[in-house]
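Engineer: One-letter residues, chain by chain:
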Amino acid sequence: MADNNYLIDIQDKPSSSFSDFRKRLLRSKGAVFGASIIILLIVCAILAPLIAPYGYDEMNLPEGLQAPSQKHLFGTDELGRDIFSRVVFGSRISLQIATIAVGVSLIIGLVLGALAGYYGGIVDFGICALTDTAWAFPMTLLAIAFIAALGPGLVNVMIAVALVSWAGYARLVRGQFLSLREQEFVEAARVLGMSDMRIIFRHILPNSLAPIIVLTTLEVPKAIIVESSLSFLGLGAQPPTPSWGSIISSGRSFIDTAPWISFFPGLMIMLVVLGFNLFGDALRDALDPRLKD
Amino acid sequence: MGVQALLKYIIKKIVTMIPVLVCITVIVFLILHLAPGDPVDLIVGPNVTPEVYENIRNKLGLDQPLTVQYFKFMSNLLRGDLGTSILQQRPVSEIIIERFPVTLELGLSALVISFAIALPAGIIAAVNRNSWPDYACMSGALVGMSMPTFWFGILLMYFFAYKMRLFPISGYGTLRHLVLPAFAMGLTDAAVTARMVRSSMLEVIRQDYIRTARSKGLAEKVVINQHALKNALIPIVTLLGLRMGWLLGGSVILENVFSRPGLGRLIVDSILARDYPVVQGAMIVLTASIMAGNILADILYAVVDPRIKYN
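These protein sequence lines map, in sequence, to chains A and B. Numbered per our numbering, the first sequence spans residues 1 to 293. Numbered per our numbering, the second sequence spans residues 1001 to 1311.
Keep in mind the hints are simulated off the structure, nothing from the lab. As the structure is a computational prediction, the values presented were derived from the model and not from experiment. Just so you know, not all the hints are guaranteed correct.
Claimed, not checked - Per the computed footprint, the stretches of chain A lying under chain B, defined by three or more beta-carbons under 8 Å from a beta-carbon of chain B, are: (1) 140-150; (2) 203-212; (3) 228-239; (4) 267-280.
Unchecked claim - Partner residues are not named here, just some residues of chain B that face chain A (Cβ under 8 Å, in silico): (5) Val1015; (6) Ile1018; (7) Phe1029; (8) Leu1034; (9) Ile1113; (10) Pro1148; (11) Leu1156; (12) Ser1215; (13) Ile1284; (14) Val1285.
In this text, a Cβ means the ideal position worked out from N, Cα and C, and glycines have one as well.
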C-alpha cells in the first residue's frame, strides 16, 4: 500500500511522441530484460505441450526423486514426475492470473474509479469508502477471506485476486478523472452536448491510459505472488494441477533429500515477477522521464 | 504544538478509522455468512432429526434475518465476545489471545531486521546516486522484492536448518526458532523499504536548503548527516507503522512455512477445517491491528514533523 507513491507523481505527463517513448524504453536494459522474460513466459504457456518433454502429470515411480540430469532438467518428484515439464505447464496458470484475474480487477477498478471521479458527490463518497476499506486489507489476507467463503480452487483464486486488486486502479482512475474533468477539452465536449459515456470513453479515458498501463505491469507480479502464496497454502490450485506455488508446497516434505522440487518453481516465480517489475519501472520512466530519480 | 492539540489529532484519526473498521466487520461477516455450506451441518453432522437441527439453528440465531444476525454479532464483538470455535469448543477470543503474541513477535522482529538493513542501504544508494553502490543496493532490492517470501523461507530453512544445522527446522518457543522466519520476512521486506528510503532521501537532497548548505561550503558529511538525513527520516517514520501492518499480514504465509502457531496459521487451519467463527474473529483482529499500525504511522508523522497541522 505504501509503494504507490508513483500514482500521484505520474499524473501530469508531458506530451512526448511515441517514437521518443520507444527510444527511451529500448535504451533501458531493464526494459529489454523484463520484456524478454515476459515474452518467454507467454511462449512457454502457449507452447507448453511442445516444450515440455513429459506430461505434467506423467508418473514414473522408478524414477522418483532424481536429481537434475540431462533426462530430467529440473529433476523429478516423489512420483517420478518431471519437474521441468510441470514448471512449463505451470506457466499457464501464472499467465491466466496475469491476464484474466488482473483484467477483471482492472475493469472493476476502472468502472468504480471513473464513476467516483466523474460524478463526485455521494457516489464518490460511497466508492471511496469501499476503496479505502479494500485498500486497508493486506492483499493476501483479503484473498484468503474470499477463499474461506468460496472454497479452495484455481477459479476461486482468480476471483479472489480480481476482488482484492482493483482498489489501486480505482484510486488512480478517480484521481485522473478528477483532474481531467476540469480541463478545457472536457468542458468543450460537454458544451457540444456529448453524452457522459462518450466523454468518459472517448475523451477522458484515453488521456489516462499511460499510468493505467504502468500500474497494470506492476499489479501483475503482485497477483502472481498472491496466487502462488494461496496455492502454496493449499487454498489455490489443487493437485495434480501444476501451479508453481503448489509444486513448491509439495516439495517441502522432501526438501532435505530433493531440494530441486521446491527450488525451480520458486526461481521461475522470482524471474517472472522480476521481469514484470523491471519492465514496469522502465515503462514508468520512459513515459515520464522527469520522474526518473 | 501543544499536547492537547496532539491528543485531539489522535482522537480524530481514530474516529476516521471507525467507518473503515465497520466496513471490515461487514465484509468479513458477509463473506463468511454467504459462504456455501450449512454451518449447522458442520456442527452436528448430517444424521440428526429435524427437531435437533432446528434447535441448534435456533440457538445459533441462524434462523433470523442477516441484518439481525449482524447486529447481534457486532454487539457481541463490542463486548469482546467473538463466538465459539466449532472445532475446539471454546471461546474464539481465548484462542486468539493465545496466538496473537506469536504473530506479533515475528512481525516486530522482521520489522527490526528490515529497517536495520533498509535504512543504511537506502541512504547509501541515495547519496551515491547513479554510481555502483546505488546500483548494487537497488539491484539487490529488486531481486528481494521479486522473491516470494515463502520460497525464500524454504531456501533459508534448507541451507541453515537442514544443511548447516544452525537453527531448528520449524516450530516455536526459543529465540533460535525465531531467527529464520524473521530473516525470511525481514530481508524481503527490506527490499521494499530500502526503495522507499532511497526515494525519500533523494526528495530531500533535491531541496533548496541542501543546495544552500552545500554552497555555503559545508562538508558533504555535515550536509548529509545534519541537514538531509533529519528531514528524510520524517516520512520514514511513517513507514515504520505501514510496514508493521504489512508484516503482520505477511506472517500468514511464513507461519505456515515454519509451523509457528500464530494467527496466520490459525486462519489457514480454520479455513481448511471450516471453523468459520475462528476465521472471522482472527481475520478481524489481524486487520484491526494492521489498521492500528496505520494510525500509529499517522500519529508518529504528526509528532515528528512540526510542519503538520493537526486540523
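Engineer: Kindly indicate which numbered hints from before are broken by the structure, ordering the numbers from low to high.
Structural biologist: 2, 5, 6, 7, 9, 11, 12, 13 and 14
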